[in-house]
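For this one, chain A is given, so just place chain B on it according to the hints.
The primary structure of each chain is shown beneath.
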Amino acid sequence: MFSRRDFLKAAGQGIALTAVGVRAVPSAIAAPVAQGSPFALPTPVTQEQSAFLINGKTFTAAYEARTTLWEVLAVTLGLTGTNRSCNKASCGACSVLIDGVPFYSCHTLAMEAAGRKILTVEGVGDEKNLHPLQRIGHQHVAADCGFCTAGWVVTAKGLLDKNRNPSEEQVKAALAGHICRCAAYPSIIQTVIESAAVMRGEKASPVEPHSIVHIKQPMVRDFATHGGHAPGDELIEGPSKTVTRKWQGYAPRDLKVIGQSMPPLAEVSIPRFTGKAEYASRVRFPDMLHARFLTCPHPRARIKDIDTSAAEKMPGVAHVLTYKNAPEVRLKPDTTTTTTGPVVTTPNGNRLVPPALPRDMNLQGEVVAIVAAETEDLADDAIAAIRVDYEVLPFVSTIKDVLAPGAPDLRGGKGNLIRSWESKAGDVERGFAEADVVKEFEYHFAGGVSVPMQPSGSVAKWDGDRLTIWGMGQGIYPVRNALATSLGIEASKIRFINKWNGSTFGSGRLAAERFYPLMAHLARITGRPVKIMLPKDQELAQLLIKPETLTRFKVGAKKDGQIVALQHEILLSVGDVETGYHASGPGNATNQLELYTSRVPHWRSVWSAYKTNAPRPGPSRSYIQQETKWSWEAMMDEMAETLGLDPIEFRMKHITRPTPGDDRYPYDSFASVEVLAEGAKVFGWDKRNAKPGGASGRFKRGMGLGMTQHHGGLMGYHEGEPAFAALAAAPDASVFGSEIEVGSDGLVTMKIALPDSGSNAGTAIAQVVAEMLGFSNRDAIRIAWGDTNIAPSSDEWFGGRTITLQGAATFNAADKLRTDLFARAARLLKTDAGSLRIADGGIVAVDNPKQAVTFGALARAGGGTIRAIGRGVAGGERTGQNKGVGACFVEVEVDTWTGDWRFIRATYVHDTGIVINPLVAEADMIGSLVESTQVATDPIPWDREFPGTRHYSVGYLSYRLPTIMDVPTQTQVYIDSLEPRWFYGIKSFSETSIGAVPGALANAIYNACGVRIREHPITRDKIMAGLRRGRL
Amino acid sequence: MKKIAVYRPTSTDEAIRILSSHGTEAAVYAGGTDLLVRLKNRLKQAPAYLVDIKKINDLRYIREDQSGGVRIGALTKLAEIVDSEIIAKRYPMLSKAIGMISSPELRNASTLGGDLLQEVWCQYLRGGYNCWRNGGYLCYGAIGDNSYYHSAMGGRLCYAVYPGDAATALIPYDAAVKLATPTGVQELSLEKLVPGDLMVDGRIQSHVVRHNEILTEVIVPPPRPNARTSFEKLRPRGVWDFAMAALALNLEMRGSVIDDARVVFGGIAGKPVRERAVEDYLRGKTLDAALIDQVVPRALTNAAPLKYNAMKIEMAKGLLASGLDTLRT
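So the sequences go chain by chain: A and B.
Position 305 of the first sequence, counting from 1, maps to 305 under the numbering used here, and the rest follow consecutively.
Position 238 of the second sequence, counting from 1, maps to 10238 under the numbering used here, and the rest follow consecutively.
Chain A extracted, bound-state conformation:
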């Protein structure tokens, strides 16, 4: 319709007409001629070569009939800005404009776009010439991980080309076909509306957070209501009474940069908007091979034999890898656990999954063979030709089945219960005898998972004996070292690059990491770079999930509402992970137990891990949160109702309140009371229905809350603290390193190993460094990161360790650098360092502003650069002394006629420590709530009748990520409970509040319509069933 006109227009702009045209290559598939038909069949097209008018330039590409436009753009032509995520037209990441109209390039055959005018993100603008959408999007943090960004930017450009003044509703309607995994939807909408205004010639409005209520806490706090700390410059830490300099010498006073809302660092953020952020999935070489997997269709089987002979002869196939010819993966002995069977470990001993290409298949979707071929399609053709002879074995994939008599024994006669742990206080039976009210509850969590938008994967490339890996994970040195061990080469021969991730969530990195050794092997034996991007349905079987749990409570309370006895029993399905993660012990799960039992005299908690043929458990955007806390939060509400108490009042009676001298809770920053009280105030809890379902009419609103205790970011020590040396010298020490460099231009570059998954942690660290170095803004701070050739050795992040431990290393470096700058200035200015002050990129005499020297001049005097390396280490007593609490208040509306419900609004409350950058923190937390909403409402990617992930083959139609139409209005409440152990009172947000969301939603639905959902997930059919039961 449009193509011809637009094409002529393009031609008028000087594009050679002759270059355009479709040339069909004779078919490779011979078309049959119908017997006796007078009609001669034309020749069908199986491959052709055409010109494409992309971003005003003409490109020519040859492709098969089945080749998608995305493959021509990103693989054949190297226009890698367009990301492919779901590959099933269910996310929008790959959108491009064709003749001004948005299409999903993953779901458009290349032949459809031949000769037509295509616009990709590269054509919207580049870093030197940013389109308003890109510039304003960067300023408003409209991209966290950035993997969806290229898609919506292009669609929004298409909208603005036609409508320079779109309403919010029009923007939402236009962008409805774009999933933002990080739920930056409010910023995206604002970006499009602001961009339109700027394009109309109006002035942009200032960049501000959307919805933050910031409750500042005093530097010296009150022990009467919450954790606190005494006045003075010193802090007595924990049971060993270690004396620590409060705030590490950097008090949260007279701050200039910390606490300011500002966009993320440009070098990290802007490439997300221009299509230049180098995700592993964007790495491309012209001679690259593409790897694809054959996966096991059975939940449990043993491979008797594999025949790959036909596959190996298929066109374009370079290599086929199975258990028969896979290289032996050398394992580092794991000293912390004992187990039979092979395990792959990393230096921190936290990663315990079977090596890739096992012969025994423990879950549907396990990888059986890997094919490397010229294209993904050719690899898949070969996969289809592999014959596998399985011995299909009986399986058990749910807790219900594992408990059933006669369940198959997956552990060779040892029983499927891997182990149980018990913790207790008092005598629980005596407690029940003393109670006025005793109630029992049972809750089921079906499992959940956080799927990153970026397809998990990597690229491996050898140059002689040197290997480069572009990976997707949460650190670069530990995986590099583990890979070196696996390959039997020196770590220094491997360059590991991982700068941007389209998120990892803990769940995603393993799906990439598990295959690094095999990708390196394939690249070595084929002599070509090899790339893997897991299709989403196959990826699901490789991700770590929040496992299925069954929780039983028996609770005894006095009439006044005090719990006197509590029995908690939790059963978990842990897949084939027999050691590590959820099978290693309650870990973080003790947090919720502690939150509510600190004042309960008699309690008992039993944790039992069962081996199953379910997906493997582990961190999945937080670790041991929703899967254990969903039940606690529902139980607290049900018990409150039993006792006739308001849920907040009931929680207030029980929550932990650290007090001086009570070594059980050595927390100096723990805003348990404020989180509930301030959150309730901001949310408007007083307007809650007194009676569940009490409102009249068809649409009923309800309010609910959930609360959570979590680690406030795993802590440790920085170099210079007394505990550092011994911890850092341990064989499996978890040491972080950072380098800071001042150049002759006076600019400060931080060199940090950690990749950025969208939390923009480097931005927060940069603001702290700017503050430490006396700047009044962040403009002089740069970051170079995610590359073993650039950044010093450092451990990886999880458990909020970026700001605490990578922070420890970086702040330590800044502290050293500051001291060094003073010393150099003193020498140069021939004065005493004590008479100098640091300010705005220079060192100045306190009493004579003219006696001054800039950082740049100091660097030049010192030979060009001044460097400092800082270090931090995990572990030690401090790890457990930093806790966070959070809460989530939600309002929902239930349609009592249809069972439909809407998530209206949420108040998300965080015990934050000092907030370094409210704007960036807000962006992260908005995504956290939406993520947890998805976990609460979407079934686990595991079929209950035919266990497996195969039916997840329709992309995000079967893993329903919330769209721009589905998200609630959010208010973030920051309670900056200053952590006196750390620089400026910093602690990690650490997704503390994420565990509160599912319980809050279930409680709100109950409050709205009287339907109590004890079986996760929260679905419309369960609400409807509850409403029907109520009516009968």
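Hints listed in this document are in silico derivations from the structure and should not be mistaken for laboratory results.
Be aware that one or more of the hints could be misleading.
Only part of the chain A face toward chain B is listed, based on derived beta-carbon distances under 8 Å [to be verified]:
| # | residue |
| --- | --- |
| 1 | Leu41 |
| 2 | Pro42 |
| 3 | Pro44 |
| 4 | Lys88 |
| 5 | Leu255 |
| 6 | Gly259 |
| 7 | Asp377 |
| 8 | Trp421 |
| 9 | Glu422 |
| 10 | Arg818 |
| 11 | Phe822 |
| 12 | Ala826 |
| 13 | Thr963 |
Using 27 Å as the maximum straight-line C-alpha spacing, the simulated DSS-like pairs for lysine-lysine come out as follows [unchecked claim]:
| # | chain 1 | residue 1 | chain 2 | residue 2 |
| --- | --- | --- | --- | --- |
| 14 | A | Lys203 | A | Lys439 |
| 15 | A | Lys128 | A | Lys216 |
| 16 | A | Lys313 | B | Lys10307 |
| 17 | A | Lys276 | A | Lys313 |
| 18 | A | Lys439 | A | Lys172 |
| 19 | A | Lys313 | B | Lys10003 |
| 20 | B | Lys10089 | A | Lys162 |
| 21 | A | Lys400 | B | Lys10096 |
| 22 | B | Lys10096 | A | Lys172 |
| 23 | A | Lys424 | A | Lys304 |
| 24 | A | Lys313 | B | Lys10044 |
| 25 | A | Lys172 | A | Lys554 |
| 26 | B | Lys10055 | B | Lys10003 |
| 27 | B | Lys10044 | A | Lys162 |
| 28 | B | Lys10044 | A | Lys304 |
| 29 | A | Lys57 | B | Lys10055 |
| 30 | A | Lys558 | A | Lys216 |
Label pairs and their calculated CB-CB ranges [what the hints assert, rightly or not]:
| # | chain 1 | residue 1 | chain 2 | residue 2 | range |
| --- | --- | --- | --- | --- | --- |
| 31 | A | Ala733 | B | Ala10048 | 57 to 63 Å |
| 32 | B | Asp10065 | A | Met965 | 44 to 50 Å |
| 33 | B | Thr10286 | A | Met965 | 35 to 41 Å |
| 34 | B | Gln10186 | A | Pro408 | 37 to 43 Å |
| 35 | B | Val10208 | A | Glu945 | 52 to 58 Å |
| 36 | A | Thr642 | B | Gln10294 | 35 to 41 Å |
| 37 | B | Gln10066 | A | Gly56 | 44 to 50 Å |
| 38 | B | Arg10283 | A | His210 | 48 to 54 Å |
| 39 | B | Leu10157 | A | Asp307 | 29 to 35 Å |
| 40 | A | His210 | B | Arg10042 | 42 to 48 Å |
None of the values given here were measured: they were computed from a predicted structure.
Quick reminder that beta carbons are idealized off the backbone N, C-alpha and C, glycines included.
Chain B in isolation, oriented as in the chain A frame:
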């Protein structure tokens, strides 16, 4: 993606001849939004030969006909129907229903013909299970997780729900389609086009179009005077998702009295379910709250839910109450 060979005929006659030559190995290719998913998943049932009908002139239009009705070419994009002023003004329920299909980008690609004739979205078929529609002799949905994509109204062989919303919204307008066949043009009502799972050319499908026939046009009769329509769709998310239950309601009113009614449910059975018992009951009655209470229990009385999908029926009944309530003003 499976290997494909693509023909680009320039006339329906040529397309039909090509289709006839290949039997069930070939299929019509238009927007491709459904077909590409099946090809990407390498389903056995996915065709090896695609007959691209987009080079055939004049299958993409929305025009008024002499009767005052509207003709929509089968290749008309869903987005074009949503954007059409004629449709919005005269057939608002069609605008609304099609505006709620999939996502904006997919509506730019999908055609009306493709939406009507799309394959079911049963997760077992799409996941490559060896089911009735994929070369096997079993319905996994009947015994598997049937909470969403499977019929609560019984089935014959395949229990998958017919997923198209356009058909649900067109039936209450008494719409019909034109098929180009080897023996000439045929016309049949929309209701007869999608009668649910049945064997055609040795395959299970939801519609009656044979492998060598091409749907070319949708004929929508003139809207009735004093008609009030309502389309309701229940789905987990506001974009993309198929109906858990849907309802299309077309009431011809005389004041507050219902002169005639069309009541069609979607998303609950292997076909759009026209509830004639409800239509008969409504006819001649005053539309008020009492009528809603009386009529809802009379809907879908022959439901036959599977293990996990009984609530589809309750939701559908809720939609009927909601739809009638919306039209009661």
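key: Hint numbers contradicted by this structure   = Checked against the structure, the hints that fail are numbers 5, 6, 8, 9, 10, 11, 12, 14, 15, 16, 17, 18, 21, 23, 25, 27, 30, 32, 34, 35, while the rest are satisfied.
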